[in-house]
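Q: So the sequences go chain by chain: P and H.
If you read the first sequence in the numbering used here, its first letter stands for residue 1, the second for the next number, and so on.
If you read the second sequence in the numbering used here, its first letter stands for residue 1, the second for the next number, and so on.
Check each hint, because a few of them may be wrong.
Label-pair restraints from in silico Cβ distances [unchecked claim]:
| no. | chain 1 | residue 1 | chain 2 | residue 2 | range |
| --- | --- | --- | --- | --- | --- |
| 1 | H | Lys42 | P | Arg9 | 29 to 35 Å |
| 2 | H | Ala23 | P | Pro275 | 28 to 34 Å |
| 3 | P | Pro222 | H | Ala7 | 39 to 45 Å |
| 4 | P | Arg20 | H | Lys42 | 52 to 58 Å |
| 5 | H | Ala7 | P | His73 | 39 to 45 Å |
| 6 | P | Glu515 | H | His58 | 39 to 45 Å |
| 7 | P | Arg272 | H | Asp129 | 51 to 57 Å |
To be clear, the hints were calculated from the coordinates, so they are not data collected in a lab.
Cβ atoms here follow ideal geometry from the backbone N, Cα and C, with glycine treated the same way.
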Amino acid sequence: MYRYTDQDRQLVRERVEQFRDQVRRRLSGALSEEEFKPLRLMNGLYLQLHAYMLRVAIPYGTLSSLQLRKLAHIARRYDKGYGHFTTRQNLQFNWPTLEDTPDILAELAEVDMHAIQTSGNCIRNVTADHFAGAAAGEIEDPRIWCEIIRQWSTLHPEFSFLPRKFKIAVSATEQDRAALRVHDIGVKLRRDDTGAIGFEVMVGGGQGRTPVLAKTIRPFLPAERLLSYLEAILRVYNLLGRRDNLYKSRIKILVDSVGPEEFTRMVEEEWRQIPHDRVDLPAEEVERIRAHFAPPRFEHLSERDPGFELYRRCDHGFARWVRANVAWHKQCGYAIASLSLKPHGGIPGDATAEQMDAVADLADRYSFGEIRVTHEQNLALVHVRRRDLYELWKALVALELATPNIGLATDIIACPGLDYCSLANARSIPVAQRISTALQNIDRLGQIGELKIKISGCINACGHHHVGHIGILGVDKKGEEFYQITLGGSADEQAALGEIIGPAFSSERVVWAVETIIDTYLKLRVPEERFLDTYRRLGLNPFKETLYAAH
Amino acid sequence: MPLIDYAGRVLDDPWRFLADDEALPERGPIAVSLARWRAERKTLLRHDGPLGLALKGHESAEHAAGDLEQFGLITLEFPKFTDGRAYSTARLLRERHGYAGELRAVGAVLRDQLQFLKRCGFDSFVLADEVALGEIARALKEITVVYQHAADGPRWTAERSLGDHAGPGDSAISKAYRAN
């Protein structure tokens, strides 16, 4: 993974001192809250319902064990002993005080971390495929380009006061684990006919109250031109994006209003006029960054490990975990192990300080000291020898991080909702907890198969409900929490937005509604058919009929 | 708040900003709106003294691109400090259109924007609020590492220490590499 240079470190430290001074000026009254707000937001500090919330950047979801231990320490010392991993691969502390935040940022800087641009109308922390560097079929490690984007976008003088927030995601495989189509910009590494690497560039995706899937505006951009092309897109947006209406200010609205062809023309025109060689990195600088992502020293192992095979045959629980939570690794004899942060009945994405410390130890022992955060709010150790999987599993069971439900119905994404968030209309976490309690029978989960349930507590869609196979949106109806259900959304390479099934359900009825949808699917599916495919084959109607039959 | 340059010096402002219906003075530096420049271009070109142009937040660099050599001053307005269009306009004026005169930030300009403004090519500003001069000097030194090309020259990471940009092709690049 990327290691900071002295200059990287210097910037982060200077940023801490800059923020310390901004906090001092806020506390002294020299800065009004209105003036302070965009400044604190650009350092990831929100004011929530009950307290400040600090969102720490985990660039492209990669953490070292040292960094994870530091997060555990901060959780203990400055917070209530836990943190919350988010759909942007970040970590949120829910209870820091304003006065403590400069010290927290200073502690983060000690391990080359920060909270820069985790909020605010700027280029946000860049996200990536969480299996980067381990996934089969990868063109190259997408994090090379994420780090290049991270550096370029950090304190960008031109793009720090955009019309609205701006999210960029990078992926390098055909399978899309980074939800490219619902980002302001999604770039996918690919090769052209000559074998040269480049990007498919998608622009104008997003969720919120106007969900849109990004459109491809360039099928192939030479990789070395990434930054100048991003600069062109961002400049067009900065100059022409709407600033008069918060809800119409994302780039998706601009792309839609001028039309994708015209938008593409404007970007290409702008890009042609940018002196590429000044903006794009020289090859040697790309190589310097690329070298940081060289694969770890894998051992030469055979694909089959007798011990692993034996345990898988004898230990039913282990076998189940392997089936759900372990993915293929491109290196022979290795595997990718996902650590579920979705214990049945628990809070999606939360991890205690003790769990963080223990995962850091496991990463050191089994996975080259590296941890990944997934946008589905889980963790992963991506370079585990197959022969170590059984021991790892036993350790994870003891830590309650081995729920065998990755990609299954109880692997629910949920935003913080009305329990924390000042924007929310309804609670998300308790709904997720109730659904996951109701569906916790492991055998049944396996029967149901892949099913992504995503819950947002308001139309801002932080819980990605638009792209949930079953999406749940909390709405406020005359002071009461109701939940609107959408079906058929998907954030992968066949991205789709969910369709609203009908009138919203009360908080009491929403779990019943989800179970009814699942029962309907189980009745209607053909063998081996995933929920999403049954939905795509049959549409909303059969689900609507069973859901609203009684009314 | 007085006019300040990026050395943190208070400047006497020689420029007179004319309202659109205000009579032209006989001589001396004057600045006018884009609307007035377009309407009275010929008359203004005969004016005995330097000309300046005051662009509003929504007016782009292209609006003035053909006439830039006429102006000794261009002011870009920040209608709100969260409105970042003028950063792009400034870079385009400097880097694409080759504007070499004074570029001044006016309107909702706050201390915490000063470094960004400087990097985008502004060389003077009028702050919206009273700020001690010492504070301004401090604001200009807060961050010394830059990661990206902008109007102030440095190209990329290895060249990224502010105040140390010798421009493209500099051998400091390879030196910085070896140091890593």
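Q: Using the beta carbons of Ala7 (chain H) and His73 (chain P), state whether their distance is inside 39 to 45 Å or not.
A: holds (43 Å)
Q: Quick one: are Ala23 (chain H) and Pro275 (chain P) within 28 to 34 Å, going by C-beta?
A: This hint is violated: roughly 44 Å between Cβ atoms.
Q: Could one say that the CB atoms of Arg272 (chain P) and Asp129 (chain H) fall in the range 51 to 57 Å?
A: violated (41 Å)
Q: A range of 29 to 35 Å was offered for this pair. Does it hold for the Cβ distance of Lys42 (chain H) and Arg9 (chain P)?
A: violated (58 Å)
Q: Measuring from beta carbon to beta carbon, are Pro222 (chain P) and Ala7 (chain H) in 39 to 45 Å?
A: holds (41 Å)
Q: Indicate whether the distance between the beta carbons of Arg20 (chain P) and Lys42 (chain H) respects the range 52 to 58 Å.
A: Hint holds: Cβ distance 55 Å, inside 52 to 58 Å.
Q: Could you say whether the range 39 to 45 Å given as a hint is met by the Cβ separation of Glu515 (chain P) and His58 (chain H)?
A: Hint violated: Cβ distance 53 Å, outside 39 to 45 Å.
The earlier numbered hints that this structure contradicts are 1, 2, 6, 7.
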